[in-house]
Amino acid sequence: MTGQNIVGIVFSNAYDECLPEITGLRTMGSVPFAGRYRLIDFALSNMVNADIEKVGVITKSNYQSLMDHLGTGKPWDLSRKTEGMFLLPPFSTAEQGSNVDKIASLKGAMGFINRSNEEYVLFADCNTVFNADVREIMNFHTEKAADITILYKHGNSPALHDAMIMEVGEDGRVNKVLFSPAGAEDVNYSLNMILMKKSLLERLMNEAISQNLTDFESDIIQKNVDKLKIYGLEFNDYAVTIDSMASYFKANMSLLEPQNCLNLFNSERPVYTKLKDDMPATYGIGSDVKNSLIANGCIIDGEVENSIIFRGVRIEKGAIVKDSIVMQDTYIAQNAMINCVITDKNVVVTPNKTLSGAENYPVYIGKGIVI
Amino acid sequence: MARKKECIAMLLAGGQGSRLGVLTKNIAKPAVPYGGKYRIIDFPLSNCVNSGINTVGVLTQYQPLELNDYIGNGQAWDLDRIDGGVHMLSPYQQIKGMEWYKGTANAIYQNINFIDRYNPEYVAVLSGDHIYKMDYNKMLDYHKKNNAACTIAMLEVPWEEASRFGLMILNDDNSISEFEEKPKNPRSNKASMGVYIFTWSKLRQYLIDDENNPESSNDFGKDVIPAMHKAGERMFAYLFDGYWKDVGTIDSLWEANLDLLNPKVDLDLSDASWKIYSRTPTTPPQYISATADIQNSMVSEGSRVFGEVDYSILFHDVTVEEGAKVRYSIVMPGAVVKKGAYVEYSIVAEDAVIESGAKVGASPEDYTDRGEWGIAVVGAGVTVGEGACVAPKTMISENISKEGK
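Chains L and D, in that order, give the protein sequences. Read in order, the letters of the first sequence are residues 1 to 371 in the numbering used here. Read in order, the letters of the second sequence are residues 1001 to 1405 in the numbering used here.
For the record, the hints were derived by calculation from the structure and aren't laboratory data. Beta carbons: idealized from backbone N, C-alpha and C, even for Gly. Accuracy of the hints is not assured; some may be wrong.
[Stated by the list, open to error] Taking lysine-lysine pairs in the DSS-like style, the calculated list, with each CA pair at most 30 Å apart, reads:
1. D:Lys1359 x L:Lys290
2. D:Lys1133 x L:Lys317
3. D:Lys1275 x L:Lys274
4. D:Lys1359 x L:Lys74
5. L:Lys276 x L:Lys317
6. D:Lys1005 x L:Lys276
7. D:Lys1005 x L:Lys81
8. D:Lys1025 x L:Lys81
9. L:Lys317 x L:Lys345
10. D:Lys1138 x L:Lys276
11. L:Lys290 x D:Lys1138
12. L:Lys274 x L:Lys74
13. L:Lys276 x D:Lys1359
14. D:Lys1359 x L:Lys274
15. L:Lys345 x D:Lys1133
16. D:Lys1133 x L:Lys74
17. D:Lys1005 x L:Lys322
18. L:Lys345 x D:Lys1245
19. L:Lys276 x D:Lys1133
20. D:Lys1325 x L:Lys317
21. D:Lys1339 x L:Lys322
22. D:Lys1245 x L:Lys276
23. L:Lys322 x D:Lys1325
24. L:Lys290 x D:Lys1325
25. L:Lys317 x D:Lys1275
26. D:Lys1264 x L:Lys290
27. D:Lys1325 x L:Lys367
28. L:Lys290 x D:Lys1338
29. D:Lys1264 x L:Lys276
30. D:Lys1264 x D:Lys1025
31. D:Lys1275 x L:Lys74
[Claimed, not checked] Okay, the calculated beta carbon distance ranges per label pair:
32. D:Ser1397 x L:Asn236: 20 to 30 Å
33. L:Asn236 x D:Gly1072: 31 to 41 Å
34. D:Glu1398 x L:Pro89: 51 to 61 Å
35. D:Trp1159 x L:Leu262: 48 to 58 Å
Starting from the given sequences, assemble the full structure and let the hints guide the process.
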């Protein structure tokens, strides 16, 4: 048994289909976010900040970039002699379709979970970004003598086919679970951080497999609302769920609000990521940067406004970057202009080119493309 | 017994750096922050790794806590190795008693056992307090080609500054004919950079002889090198023509930082083929607000800028509030410059707080007598109170308030 008696399980591929372009070459977990992170960093950091010392990362496909990012797990302090981080790729490709649900992914990981000595299992997805104190969830779970505890947020639910919308009683008991694939306003929706006993998970999984059930949310959670003590814990701080390119764009931009940024990146529970040995960002004479997040290694001589600039980006004199997400090692040449654009890694925008998208439909430029 | 290494490095990092005053009150000079995210020792350590030297002994003596903590197991420099890696070597007790490192040569002498474990052919002896990028491997090739006992890296300095350095007078084949230590009337402008490569079997004997000489001050520059020269050993100078800076004084530390903002200075930290490694803290990207104005500056992650920053270096987690001004200054990790405060020509050390309306440093243009002007320094954790003033060329290590000064 290790820290907190919990083994963490992260679904790195869940909801890949929401960002088809960006996840073309990677998992949801390895999607770049907020200037220097990958989405999986938030799930992993939440776990290690609560002293969880054993985390399984379930991968399904496209996980080369994820493996490259995670390495041995060292940046999250998960490279250990006992326990640490475990990558759990599928055993065979036969069982994976393009849209496999969590039950199928979990099936392949049950061996890992069975062998763990920890009493509890904590699930997390990668398309949600928040900084939660997992210890609080554990305390709540114990206090309520709950079978399952689900972290939820009040607001507009994401447009995901299996996003759980929950009716929660005053004592926190979940009375009803609904689905609203198009999203719903002003509801309690699950952040898909779910805590339960390992023994319960094993039982539920056996039942599901024997009845050939496939959907974790409806077949395991929704069906058991009356039979099990399912509780919801409301999360009141900054949290975003990514369900589309537009929401990915918006989620990044929401960090330009200093309060959100301070909330997500607090010194009590740091967000860890793979480190690169970049020099500090350099701002040239005549550069003009306003309301933007800038990572190390950037050299900026042009104009940047309301944007997220990842590590090692170069913005030349006369170039204008507005309302855009510019990923690692992108080069924006002299007098080029981009507006509401997402450039993937290593993109080059040559001199005098202009690219413009809209807030609800940002233009996406694929990895390594030269414009 | 460890596996044999061809060349290992010994890094002299015990210096107090007393001329850096409050900046080295609690840390050794090689641990002083530099360049927005580095510490001085990152340069020689990264040079070692990039030159293929993966066994480094770091000799510490003065305030080693921070340095030990920073280096850790060496992982940040890829120096956590099965064989070799980085070793922190502090003075230790022996049968004959306990001795501090009496001088640079004595520090190496006391660690002969460490070096012998690796049975190296060559030993590089490096200073832990210089900023430069250098391929020691090329220097080693040169040393081998000359079949030298000792090779000293040298740099051509401007003639008017030559009298501040240890100088070498060379023969046509770059072998060393004479040494001059800080002469009044220099006959050469070829200065030693404090980077040596020795053939270990030779050096080992000279160190033992030096230790047995009661007259000796046990210093490389003053004793061991002259002794080798006198004995007629093959000694060569290796010409280095890149950027090199000794950051021994407040002025030179300030200058060396701001050199990074000068495109004419040949010290490119973005060069992927010769990275300078450092231990990087976990901080989010830097936030530059709509009210900020940053010109010709370097800013590190975790910093938040709402005010004006011009020709300055901000380390990680620095806050510059709205209406605050930072010009020609170095602001170290965690420092806060509050609303309306004005910091110029200054070094603000870690976690210092400049309260609103305070004024730190002044421009040299305001002084007709340049002797009165200098860089102002605010020590680590010091609070400069609301409306208080820190005059140029002063160094403060205690909190001050408006009334205090």
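Status of the hints after comparison with the structure:
| no. | hint | verdict |
| --- | --- | --- |
| 1 | D:Lys1359 x L:Lys290 | holds, 26 Å |
| 2 | D:Lys1133 x L:Lys317 | holds, 28 Å |
| 3 | D:Lys1275 x L:Lys274 | holds, 16 Å |
| 4 | D:Lys1359 x L:Lys74 | violated, 43 Å |
| 5 | L:Lys276 x L:Lys317 | holds, 26 Å |
| 6 | D:Lys1005 x L:Lys276 | holds, 29 Å |
| 7 | D:Lys1005 x L:Lys81 | holds, 29 Å |
| 8 | D:Lys1025 x L:Lys81 | violated, 38 Å |
| 9 | L:Lys317 x L:Lys345 | holds, 21 Å |
| 10 | D:Lys1138 x L:Lys276 | holds, 27 Å |
| 11 | L:Lys290 x D:Lys1138 | violated, 45 Å |
| 12 | L:Lys274 x L:Lys74 | holds, 8 Å |
| 13 | L:Lys276 x D:Lys1359 | violated, 36 Å |
| 14 | D:Lys1359 x L:Lys274 | violated, 39 Å |
| 15 | L:Lys345 x D:Lys1133 | holds, 29 Å |
| 16 | D:Lys1133 x L:Lys74 | holds, 28 Å |
| 17 | D:Lys1005 x L:Lys322 | violated, 54 Å |
| 18 | L:Lys345 x D:Lys1245 | violated, 36 Å |
| 19 | L:Lys276 x D:Lys1133 | holds, 19 Å |
| 20 | D:Lys1325 x L:Lys317 | holds, 24 Å |
| 21 | D:Lys1339 x L:Lys322 | holds, 28 Å |
| 22 | D:Lys1245 x L:Lys276 | holds, 26 Å |
| 23 | L:Lys322 x D:Lys1325 | holds, 26 Å |
| 24 | L:Lys290 x D:Lys1325 | holds, 16 Å |
| 25 | L:Lys317 x D:Lys1275 | holds, 25 Å |
| 26 | D:Lys1264 x L:Lys290 | holds, 28 Å |
| 27 | D:Lys1325 x L:Lys367 | violated, 39 Å |
| 28 | L:Lys290 x D:Lys1338 | holds, 19 Å |
| 29 | D:Lys1264 x L:Lys276 | holds, 26 Å |
| 30 | D:Lys1264 x D:Lys1025 | violated, 33 Å |
| 31 | D:Lys1275 x L:Lys74 | holds, 20 Å |
| 32 | D:Ser1397 x L:Asn236: 20 to 30 Å | violated, 43 Å |
| 33 | L:Asn236 x D:Gly1072: 31 to 41 Å | holds, 37 Å |
| 34 | D:Glu1398 x L:Pro89: 51 to 61 Å | holds, 59 Å |
| 35 | D:Trp1159 x L:Leu262: 48 to 58 Å | holds, 54 Å |
Of the numbered hints stated above, those contradicted by the structure are hints 4, 8, 11, 13, 14, 17, 18, 27, 30 and 32, listed in ascending order.
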